[in-house]
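Participant: Model the full assembly from the supplied sequences, consistent with the hints where possible.
What follows is each chain in one-letter form.
2 protein chains.
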Amino acid sequence: MATRSWVSSASGDTDFPIQNLPYGVFDDGKGARLGVAIGEMILDVEKIDHELDPSLFAAPEWNAVMAAGPAVWVTLRARLTELLSDESHRTSIEPRLVAQSQARMLMPFRVTEYTDFYAGRNHAFNVGTMFRGPENALPLNWLSIPIGYNGRASSVVVSGTPVKRPWGQLKGPDDALPRFAPSARFDLELEMGAIVGQPSSGMVSVAQADEMIFGYVLLNDWSARDIQAWEYQPLGPFQSKATATTISPWIVTRAALEPFRTSTPKRERPLLAYLREPGPMIYEIELEVTLAPDGKSETVISRTNFDQLYYSPAQQLCHHTTSGCSMRVGDLLGSGTISGISRENRGSLLELSWGGKEPISLDTGESRSFLEDGDTLVLRGAAHGDGYRIGFGDCAGKIIPAGDLPDWAQE
Amino acid sequence: MATRSWVSSASGDTDFPIQNLPYGVFDDGKGARLGVAIGEMILDVEKIDHELDPSLFAAPEWNAVMAAGPAVWVTLRARLTELLSDESHRTSIEPRLVAQSQARMLMPFRVTEYTDFYAGRNHAFNVGTMFRGPENALPLNWLSIPIGYNGRASSVVVSGTPVKRPWGQLKGPDDALPRFAPSARFDLELEMGAIVGQPSSGMVSVAQADEMIFGYVLLNDWSARDIQAWEYQPLGPFQSKATATTISPWIVTRAALEPFRTSTPKRERPLLAYLREPGPMIYEIELEVTLAPDGKSETVISRTNFDQLYYSPAQQLCHHTTSGCSMRVGDLLGSGTISGISRENRGSLLELSWGGKEPISLDTGESRSFLEDGDTLVLRGAAHGDGYRIGFGDCAGKIIPAGDLPDWAQE
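Note that the protein sequences, when read in sequence, are chains A and B.
Everything in the first sequence is counted per the numbering used here, starting at 2 for the first residue and increasing by one.
Everything in the second sequence is counted per the numbering used here, starting at 2 for the first residue and increasing by one.
Derived from the structure by calculation, the hints contain no laboratory data.
Identical copies carry no separate label here, and so any pair may be met within one copy or between two of them.
With a straight-line Cα cutoff of 20 Å, these simulated SDA-like cross-link-like pairs (lysine to any residue) come out:
| id | residue 1 | residue 2 |
| --- | --- | --- |
| 1 | 48 | 92 |
| 2 | 172 | 270 |
| 3 | 358 | 173 |
| 4 | 172 | 274 |
| 5 | 267 | 126 |
| 6 | 172 | 273 |
| 7 | 165 | 202 |
| 8 | 267 | 178 |
| 9 | 48 | 58 |
| 10 | 172 | 137 |
| 11 | 172 | 269 |
| 12 | 358 | 135 |
| 13 | 165 | 201 |
| 14 | 48 | 28 |
| 15 | 399 | 105 |
| 16 | 399 | 203 |
| 17 | 172 | 271 |
Facilitator: Written out as structure tokens, the structure reads:
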């Protein structure tokens, strides 16, 4: 495998060395196109001699390449590695590089359907403790099922998209009836997103599911805790999770993450056979969250690792198909919030501030229980190899005010 | 308005008189095309002189026509009414009619996302009583929120598609751990589906929501009650609802249903202002369900009316947008199970057999608590006008066996 690119910014301190080659969609003012990140640059994929069907690259989304299947994935990655590492291609390729600083990133793929899981043991325990008390914290089914619910694909946005504080029905514990107001407990959730790159019909095994996954993104599942608390019984979260889900702009491929495979945590209860993993199915990816109040510097509010997830994305995807549910190219699976064991490893403000009772301190001297207007949240993540890292780029969103209530909604 | 078509089968006992003109996609062996039902025939829409952009009719799905907006909806309906009622067009149009008996019906539109509501008061009360006892039957939030959850669009199929009994995790009340087995409590749910024909971004009013709805279909939300009971806490139904959702093949337009508008039932608790209806927002549509064991005759097992729904589809759609969730052309909203007050008006076997404790009798002499392999379920519905009815056609599905467990899932 090539270990060095002739692109100078691809060596040293970068998310995007030659070992990464993540896929995105960019616009440098000349229209939206498919690109590959290399150092501080983007290679415009359409114009290179890739020896593949040009129609795969015609639309500004990676869905066609995903649908083309694993053989194409391998061919494309090998060709890109060759072009960007072999010095002989420098003359022809270098003019086709675009600086990331000159480009706006767009959604890297069209989200077909979006499912969000709840596969982090520590998060489930923490939230369960707050919502139902420590005795009933972990639901009975949790150690047997990768619990998930269907989310709203239309709400998935790319990093940088402002996030408007939602209106919704809120009911305080002492109120007789709800009122319609902006969420006062708006939160982030630190997750990874797995992108389904091959379709299925009927049940698939964990091993097959793993092969269906094209790549991964960072994912922030913005959550309105007050809307959620009032609406979620008996059919689960709905509007509380439908404001926005932000993803990072670069699809880091499964191929790039292979060296970082590891095993999920020890099972606390044996799994049914269909859910058992035939090998390591999760990845060592260090994750962090920063919060910056409007116009101020950022504070790291959480650090954790993808390998804390109890159920791997492959297990989630396998379970998703048990009922006969067919999966399609472009389906996005949120992992669920990835919290570690200690307080500083928690992946949501709900957990960090323990339901608002223990506000966290920022380096600016301010404190936070939940998000305030003007706050910018950034998720970052990287797998660390020998002398390089496979990074995801920023997954950022800024909270903007809820705005005025329309006339027809005034009491 | 024209009251009679020159198509002879469009008068008298038919679901599809000139007042209906529902939209479907058919294949008579010459490829999938857009069609309009008239009596026992289908008019191939692509070939008529409709004076509209031909690209609207190019793909075998009604999404492009929906996206074109209300002015096109009005123009197309007026033109079809003229062509099929004015005798002068008979010579040119008659050769373009295809007998429904010679055509296979396909999905009438591409489902963008699928949301299922729980907006029937009697159903929610009945199910709540069985799951949580009569004191906690109706969740506290139910009289304030049209409760809904996101379903799986990839599972929506057209009438006639066989429905394979799902495998899933089941846990009996006395079992310590779940097992992986075919659902033994597989059920139907009698619903209506509202099809979103115009997109939105940001919150819309109930009045705006009503204008966004293009039309309606019958909808059977197949449900595995045993999978649901074990999986649904705390994030709602997931695999229990992902096997299949069957819809009737003809989109009955909102325009055709206008004469049957009526008001939703009396509010038991005042609604927040944003959810109040500015006028009648539901329709009088008589509904029935039949069950036929394999090779045997059918029994009507339920009769009810769409007007029993507590929250109208417009209210559901408005609530769906409160958090800022954008809606798209082709989104499908299941109404929730529509049960009437009496036992014979219940829209699911769960309710009809009261959780399996009171099996229902069929005319064949057999009884049913839940669905058995080989059973065919048909939903039918019609609004009754003066001398005509606006029907939906059959919404049918036959249960086929779960099949063998793959090797990798054997314990």
